[in-house]
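**Q** This is what each chain is made of:
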Amino acid sequence: MNHEPKFHGYLIGYLLSVALTLIAFGLAYLHINSGHLAFSHQFLVYAVVALAVLQLYVQAVFFLHLSRHPEARYNLVSFIFTIFIVLFIVIGSLWIMNNLNYNMTADQVDAYLHKEN
Amino acid sequence: MNRTETEHVRDTSLLGFWLFIMSDCLLFASLFATYAVLGHSYAGGPSASEIFSLPFVLLETLILLTSTLTCGLAVVALYKRNREQILGWLFVTGALGALFLALELHEFVTLIAEGHGFQASAFLSAFFTLVGTHGLHVSIGLLWMLFMMAQVYRTGLTNVTERHLMCLALFWHFLDIVWIFIFSFVYLLPIIV
Numbered sequence: 001m002n003h004e005p006k007f008h009g010y011l012i013g014y015l016l017s018v019a020l021t022l023i024a025f026g027l028a029y030l031h032i033n034s035g036h037l038a039f040s041h042q043f044l045v046y047a048v049v050a051l052a053v054l055q056l057y058v059q060a061v062f063f064l065h066l067s068r069h070p071e072a073r074y075n076l077v078s079f080i081f082t083i084f085i086v087l088f089i090v091i092g093s094l095w096i097m098n099n100l101n102y103n104m105t106a107d108q109v110d111a112y113l114h115k116e117n
Numbered sequence: 001m002n003r004t005e006t007e008h009v010r011d012t013s014l015l016g017f018w019l020f021i022m023s024d025c026l027l028f029a030s031l032f033a034t035y036a037v038l039g040h041s042y043a044g045g046p047s048a049s050e051i052f053s054l055p056f057v058l059l060e061t062l063i064l065l066t067s068t069l070t071c072g073l074a075v076v077a078l079y080k081r082n083r084e085q086i087l088g089w090l091f092v093t094g095a096l097g098a099l100f101l102a103l104e105l106h107e108f109v110t111l112i113a114e115g116h117g118f119q120a121s122a123f124l125s126a127f128f129t130l131v132g133t134h135g136l137h138v139s140i141g142l143l144w145m146l147f148m149m150a151q152v153y154r155t156g157l158t159n160v161t162e163r164h165l166m167c168l169a170l171f172w173h174f175l176d177i178v179w180i181f182i183f184s185f186v187y188l189l190p191i192i193v
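Protein sequences, first through last, are from chains A and B.
Numbering of the first sequence is given in this note's numbering, commencing with residue 1 and proceeding in unit increments.
Numbering of the second sequence is given in this note's numbering, commencing with residue 1 and proceeding in unit increments.
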């Protein structure tokens, strides 16, 4: 964290982030305006996720100044650890809840719905 | 390595603040997980593509992104020890942050007025909790920025103000990173799919 932050570093990070944001919104806009036909849904999901991860990388490097520099080592290690835990929470929750859904029988779903209404 | 005592204190407290931010990430992770699980539970209410508008979210995104740039420029000014520039960039950052918050509140008020409040469905509860928590963080950041400007204005650039400014900048950049995932996973993907 002791490198002196420079104007052009922030500017590059900003321009890259704007570009990645515009690509993501542009893909969504084209897709909706073509009546959901322009791209396959699977491609779009991968593209939006990839663009978000790329932008996370850009901002971590240019704004948070994360690097392999020895002085930023603890920041980097805790950052990677946090990403690991975040993935654990999100993917784990989705996995468990989908599994629960899948394992409910049609009768159970029926009984549940009737109770709700 | 030749490092002075003040540099050591600054780096240690920055690391401590960094660890706080990392634990804040876990708060957001659990809210994102909730949204991911409940995002399709509309309960007969509106779906995501019916209530979200792409240009509006793009505008919010660009405003917050620009404010994170100007916050970085305040840090550049800090290293140049230019007090007027720091105050100026902090003011621009705060103004953009306030604009972002106003847009978000406008979105919330419109949704609630149309009967799509947080009680309407599990999807909307998860949405309001996640985006509202981010908005709360932005509000706290704005208050902090006001105090910071007062501190820089009154006491000038001391070791203490310098340390606080660096922490504030980290916090503000973190909020923009959370927003990347909000616009991608909360707004874009549900609208597309």
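Hint data in this document are derived by calculation from the structure and do not stem from the laboratory.
Each hint should be verified, as a subset may be incorrect.
[Stated by the list, open to error] Keeping only pairs whose Cα atoms sit at most 20 Å apart, straight-line, the calculated DMTMM-like set for lysine to aspartate or glutamate is: (1) A:Lys6 x B:Glu50; (2) B:Lys80 x B:Asp11; (3) A:Lys6 x B:Glu84; (4) B:Lys80 x B:Asp24; (5) A:Lys6 x B:Asp11; (6) A:Lys6 x A:Glu71; (7) A:Lys6 x B:Glu7; (8) B:Lys80 x B:Glu162; (9) B:Lys80 x A:Glu4.
**Q** Could you run down the list of hints and mark each one as holding or not?
**A** Status of each hint after checking the structure:
no., hint, result
1, A:Lys6 x B:Glu50, "violated, 43 Å"
2, B:Lys80 x B:Asp11, "holds, 19 Å"
3, A:Lys6 x B:Glu84, "holds, 18 Å"
4, B:Lys80 x B:Asp24, "violated, 31 Å"
5, A:Lys6 x B:Asp11, "holds, 19 Å"
6, A:Lys6 x A:Glu71, "holds, 18 Å"
7, A:Lys6 x B:Glu7, "holds, 19 Å"
8, B:Lys80 x B:Glu162, "holds, 12 Å"
9, B:Lys80 x A:Glu4, "holds, 9 Å"
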